[in-house]
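Q: Residue numbers (the working numbering), protein chains in the order written: chain A, 12 to 96; chain B, 101 to 331.
Don't read these hints as lab results, they were simulated from the structure. Using N, Cα and C, we set each Cβ at its ideal position, and we do this for glycine too. Be aware that a few hints might be false.
Using 30 Å as the maximum straight-line C-alpha spacing, the simulated BS3-like pairs for lysine-lysine come out as follows [what the hints assert, rightly or not]:
(1) B:175 <-> A:61
(2) B:211 <-> B:135
(3) A:62 <-> B:175
(4) A:62 <-> B:106
(5) B:175 <-> B:106
(6) A:61 <-> B:211
(7) B:138 <-> A:61
(8) A:62 <-> B:211
(9) A:76 <-> B:138
Partner residues aside, some chain B positions facing chain A, computed with beta carbon under 7 Å [claimed, not checked]:
(10) 136
(11) 139
(12) 142
(13) 191
(14) 199
Take a look at the letters that make up each chain.
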Amino acid sequence: MENELKQLIISSLDLEDLNVEDIDSQEALFNEGLGLDSIDALELGLAIRKKYDVRIDAEKDDVVKIFASVSSLAVFIESEQAKKS
Amino acid sequence: MYQDFKVQRWSVWPPQNDQKTDPLVQDELLSSIPKMLKRRLSPLARTVFCAINLCIDKNTNIPTIFSSTHGELAKSFKMMEMIEGGEEISPTAFSLSVHNSIAGLFSMAYKNKLQSTVIAPGEEGIAAAFIEATGLFDEGYSEVLIVLYDDPLVSFYPEEPYKLSTNESCVVALSLSNVGLGIPLRFSIQEQKGDDGEQPLQVPLLIQFLSENKENLIIHTPRHSWCWERR
């Protein structure tokens with residue numbers, strides 16, 4: 012799941028000069044880490060909804076925690092998928 | 101009414117000759133832009149950045165006027181087609197389709213903290229940017245950057261009888277000053293009416309005027325004419 016997410020980040024956010032290995036699962040995605048911004052968060056949210064049918068709700072979910080790293084995103088998506096099955 | 105100023109530097113991108121633009125030259129002109137910003141540059145934004153790079157020095161702080169008849173219309177058009185097809189549109193594509201998106205990217209890339217204005221000039225064409233520059237000089241600025249840019253209009257829109265577009269993307273950047281050195285020009289309004297078309301058709305006339313050392317450039321609009329005259 013983590014590698015799949017890294018690939019999704021690269022392709023949906025036009026980061027083609029990066030490889031999956033360049034992204035650390037624990038590293039911060041926003042600001043000082045990978046350096047993504049708020050538009051990237053919206054874009055990534057859309058890509059996750061399309062690929063995994065998992066909706067991240069800014070009203071309900073702790074968006075800062077979910078988007079903290081690849082690892083935290085993967086945990087959230089897997090738990091949402093488990094709820095559905 | 102007239103305004104005197106000097107053209108300190110001006111540039112065109114892509115170069116106005118028959119040779120194809122070398123993509124390596126374009127890459128070199130964009131090399132100082134941080135990668136995370138560069139990924140957001142559309143082909144039109146890249147063209148704009150190349151022209152600006154040739155016209156001002158990196159990290160110049162200068163009030164800027166962007167003028168474009170169509171802006172990123174191709175992007176908006178594509179999104180409308182996606183909505184029609186029931187698809188969700190990309191937040192990034194939406195944010196970069198607005199008329200001031202290139203101005204925003206420019207202010208970030210150049211760390212330019214002075215004001216920037218973005219005009220969609222309609223039938224007045226390039227004169228609108230010079231009128232805005234007159235206002236900035238009047239406010240006390242001594243230098244102003246004008247950037248005129250357009251892509252060819254999406255083929256969905258009818259060409260005739262309108263004079264709205266050419267077949268090429270073209271960007272002209274001009275650094276104007278009311279002091280110092282440069283080509284001294286007087287910008288004025290005249291009564292004669294006509295129709296030389298909107299900005300995309302006027303820009304080649306401006307390039308010709310600046311590059312061929314002509315005495316004056318008169319552009320006719322349905323309501324009046326605008327004149328740029330060498331002093």
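Q: May I ask which of the numbered hints given earlier this structure violates, with the numbers listed in increasing order?
A: 4, 5, 6, 8, 12, 14
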